[in-house]
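Novice: Generate the whole structure from the sequences, applying the supplied hints.
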Amino acid sequence: MQEHDMSWVRAEMALAEPAPAGVAGFQAWVRKNLIASTGDTIMTIAGIALVVMILPQIINWAFINAVWTGPDRTACATVAQGGVQPEGWTGACWAFVNAKFGQFMVGRYPIEERWRPILVAILFVALLVPMLIPKVPRKGLNAILLFFALPIVAFILLVGGMFGLPHVETSLWGGLLVTLSLSFVGIAVSLPLGIVLALGRRSKMPIIKTLCVIFIETVRGIPLITVLFFASVMLPLFLPEGVSFDKFLRALIGVSLFAAAYMAEVVRGGLQAIPKGQYEGADSLGLGYWQKMYLIVMPQALKLVIPGIVNTFIGMFKDTSLVIIISMFDLLGIVKQNFSDPNWATAQTARSGLIFAAFIFWLFCFGMSRYSMFTERRLDTGHKR
Amino acid sequence: MASQEVLREEPSRGSFINDPRVRGIFFQAVVVVVLVAGVWWIAHNVIDNLTRLRIASGFGFLKGRAGFDISESAIAYSSDSTYGRAILVGFLNTVIVAVVGIITATIIGFIVGIGRLSQNWLIRKICTVYVEVFRNIPPLLVIFFWYSGVLAVLPPPRESINLPFGSFLNQRGFYFPRAVWGDGSWLIFVALLVGIAMAWFVARKARQRQMATGQQFPVFWTSAAVIVGLPLLAYVLSGFPLSFDYPKQSTFNLTGGFQVRPEFLSLYLALSCYTAAFIAEIVRAGIRGVSKGQTEAAGALGLRPGSILRLVVVPQAMRIVIPPLTSQYLNLTKNSSLAIAIGYPDLTATAGTVLNQTGQAVEGVVIMMVIYLAISLLTSLVMNWFNAKMALVER
Numbered sequence: 001m002q003e004h005d006m007s008w009v010r011a012e013m014a015l016a017e018p019a020p021a022g023v024a025g026f027q028a029w030v031r032k033n034l035i036a037s038t039g040d041t042i043m044t045i046a047g048i049a050l051v052v053m054i055l056p057q058i059i060n061w062a063f064i065n066a067v068w069t070g071p072d073r074t075a076c077a078t079v080a081q082g083g084v085q086p087e088g089w090t091g092a093c094w095a096f097v098n099a100k101f102g103q104f105m106v107g108r109y110p111i112e113e114r115w116r117p118i119l120v121a122i123l124f125v126a127l128l129v130p131m132l133i134p135k136v137p138r139k140g141l142n143a144i145l146l147f148f149a150l151p152i153v154a155f156i157l158l159v160g161g162m163f164g165l166p167h168v169e170t171s172l173w174g175g176l177l178v179t180l181s182l183s184f185v186g187i188a189v190s191l192p193l194g195i196v197l198a199l200g201r202r203s204k205m206p207i208i209k210t211l212c213v214i215f216i217e218t219v220r221g222i223p224l225i226t227v228l229f230f231a232s233v234m235l236p237l238f239l240p241e242g243v244s245f246d247k248f249l250r251a252l253i254g255v256s257l258f259a260a261a262y263m264a265e266v267v268r269g270g271l272q273a274i275p276k277g278q279y280e281g282a283d284s285l286g287l288g289y290w291q292k293m294y295l296i297v298m299p300q301a302l303k304l305v306i307p308g309i310v311n312t313f314i315g316m317f318k319d320t321s322l323v324i325i326i327s328m329f330d331l332l333g334i335v336k337q338n339f340s341d342p343n344w345a346t347a348q349t350a351r352s353g354l355i356f357a358a359f360i361f362w363l364f365c366f367g368m369s370r371y372s373m374f375t376e377r378r379l380d381t382g383h384k385r
Numbered sequence: 001m002a003s004q005e006v007l008r009e010e011p012s013r014g015s016f017i018n019d020p021r022v023r024g025i026f027f028q029a030v031v032v033v034v035l036v037a038g039v040w041w042i043a044h045n046v047i048d049n050l051t052r053l054r055i056a057s058g059f060g061f062l063k064g065r066a067g068f069d070i071s072e073s074a075i076a077y078s079s080d081s082t083y084g085r086a087i088l089v090g091f092l093n094t095v096i097v098a099v100v101g102i103i104t105a106t107i108i109g110f111i112v113g114i115g116r117l118s119q120n121w122l123i124r125k126i127c128t129v130y131v132e133v134f135r136n137i138p139p140l141l142v143i144f145f146w147y148s149g150v151l152a153v154l155p156p157p158r159e160s161i162n163l164p165f166g167s168f169l170n171q172r173g174f175y176f177p178r179a180v181w182g183d184g185s186w187l188i189f190v191a192l193l194v195g196i197a198m199a200w201f202v203a204r205k206a207r208q209r210q211m212a213t214g215q216q217f218p219v220f221w222t223s224a225a226v227i228v229g230l231p232l233l234a235y236v237l238s239g240f241p242l243s244f245d246y247p248k249q250s251t252f253n254l255t256g257g258f259q260v261r262p263e264f265l266s267l268y269l270a271l272s273c274y275t276a277a278f279i280a281e282i283v284r285a286g287i288r289g290v291s292k293g294q295t296e297a298a299g300a301l302g303l304r305p306g307s308i309l310r311l312v313v314v315p316q317a318m319r320i321v322i323p324p325l326t327s328q329y330l331n332l333t334k335n336s337s338l339a340i341a342i343g344y345p346d347l348t349a350t351a352g353t354v355l356n357q358t359g360q361a362v363e364g365v366v367i368m369m370v371i372y373l374a375i376s377l378l379t380s381l382v383m384n385w386f387n388a389k390m391a392l393v394e395r
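Respectively, the protein sequence lines represent chains A and E.
Heads up: the first sequence begins at 1 in the numbering used here, then just goes up one per residue.
Heads up: the second sequence begins at 1 in the numbering used here, then just goes up one per residue.
Be aware that one or more of the hints could be misleading.
[Stated by the list, open to error] Straight-line Cα separation of at most 25 Å, DSS-like style, residue types lysine-lysine; simulated pairs:
#1 E:Lys292 x A:Lys32
#2 A:Lys32 x E:Lys125
#3 A:Lys292 x A:Lys139
#4 A:Lys139 x A:Lys303
#5 A:Lys292 x A:Lys204
#6 A:Lys303 x A:Lys135
Calculated from the structure, these hints are not laboratory results.
Note that the coordinates shown come from a computational prediction; the quantities given were computed from them, not determined experimentally.
Specialist: The following block contains the structure:
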């Protein structure tokens, strides 16, 4: 009886003790991540030294000493150079970017017609954003509008010459407008073309296979500049006398074909990763070749190679900057062209303009790569090997 | 087997049109007909256009006088040289920038890639920032940044920046002392070759001995001593034949020394920085691709961290790294054609000039394509050989 009284059962859990100071908290984090060993400490000190040396300079240059607005070069030049800044001043000349912003976006597109590219940009964003958010319904309609209706509307709006819109030569286009339209068309053309080339390369028909291999390997072996040269110098020779087409279109063809060859190799990687059982399963269901590819193989293969596809897109987006070589002015080209504007020629102009262009390119590319990571996670069904 | 034969001989039940083999032959025939017609049409147009423009086809133009100067040339070249030689100069310039670029990019790439896996938080972040910045901007922009943003705004020659070892940096490029080899310096090169041969021999013998007896031999220190010591000895014996030609300040310019022009410098720096970001990612993926069990097993065998990395992790990581590394090397070589944008006379630039001067568009583009394809194939061959050597030897 007595024993019964002595027994005791604990009804609630004891509160967790905090972790010892050595394994958790800020101090432990520092010990583990910054000063784990002598070598580590030395590296941390070197790293801090590097950051302390560079970061304040960058912040000073880009923000504190920067000139944000100004009428012309005097705002960004020192007194000795004929400007208003004190001797020894260095800072970003954002005033230059500010003054040229319109040009950087649409090039020499006539000012009274600039509402057209702006309208196209609004339409593009309005269609692209719901396309990218998985929860928004009606993806099919959205895709048709984005990939079929928008290009037609954009073509009518941008080129003009019909419905009472004055015609605008493509030689007047420039800036981000050229970069984005080249890459949009390049993406829209290169993916289907790349898929077809990849299927051709894995085809059992020897002639088609050989042709695809020759095309892919040749294009992958030469630089884009050579392809652009080819498109701008050789294409006119290939056509009968009197027939010629737009330089912009020639660049488009060059960029698209180039990207298609790389895309084909990415897609082929995906096709090879699909187990043979999937092909045979589709065959045994009685599906034809195209049905088999469209319904069974491609959905799996493309899902596997999303990172590769997006990398190719990013590569192409960056490569559009090369059209400067065949004297077209994309974002980078127009920025570079404006260095020679005597109104803005200072020691800081080139740096500021290039960093602005780099920032825009970076935003797009970084955004694409992050979105691809997001999609990859979303579509991951755990079957990936 | 027999049943298959029987099946095959059975007449197909479906229509003749639905037989995949017949369809295959039909489609290929259509493709061939379209292709031949297209090529014939293009060839016809090209010949038409060329006769109209009065351009003679063929490669005879390569023997003509070039008549333009090239700012940088590894071999003797003047405006009296032939077009063929101009293209050769361009080709050599492409090779030079590609080779030094590949070496630098590999070194930076490996450092940054290993840095991204470091235990040290700060180092990891710095390396991540580097990779994310350079991966997401066009290489051409990086080239322009170095060219117009950094090198063009350096001080003029009179206010050159002094750097260690008597080198200078200014608007016109980077100047460093040029080595002048006097009489008898051939002895130094011979000694260097002998040293390398001896080091190789020692390494081989040491490995054989370790395989046979398990005894180790300090190969690294012996090789270093032989490779450095022998040429030094030869240098002393031949009476100090090496002297340096230092760049000197004169009124308007620097004279003497070796000048690296800003065009080359910016192309080289940009290609190295840009490609290094990609190589870093490849290296990181390669090292992470080696399973943790390997490291732990090596640790259990009592290897020190350095030895684990050198003997166990890196050899396995290299197998994952080499194929994508090859394509990065090829990319760098192809990206070197961006030189044309800043006026470094590489293959594309010189061939482009030749093409413009002669109007031989077809031949010019064909030469460019063939040379780039040859470089690509050669690099692929070498790297495939290296890859096969490093590959896992299985039964």
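Novice: Against this structure, judge whether each hint is valid.
Specialist: Tested hints:
| no. | hint | result |
| --- | --- | --- |
| 1 | E:Lys292 x A:Lys32 | holds (20 Å) |
| 2 | A:Lys32 x E:Lys125 | holds (15 Å) |
| 3 | A:Lys292 x A:Lys139 | holds (23 Å) |
| 4 | A:Lys139 x A:Lys303 | holds (17 Å) |
| 5 | A:Lys292 x A:Lys204 | holds (15 Å) |
| 6 | A:Lys303 x A:Lys135 | holds (19 Å) |
Violated hints: none; the structure is consistent with every hint.
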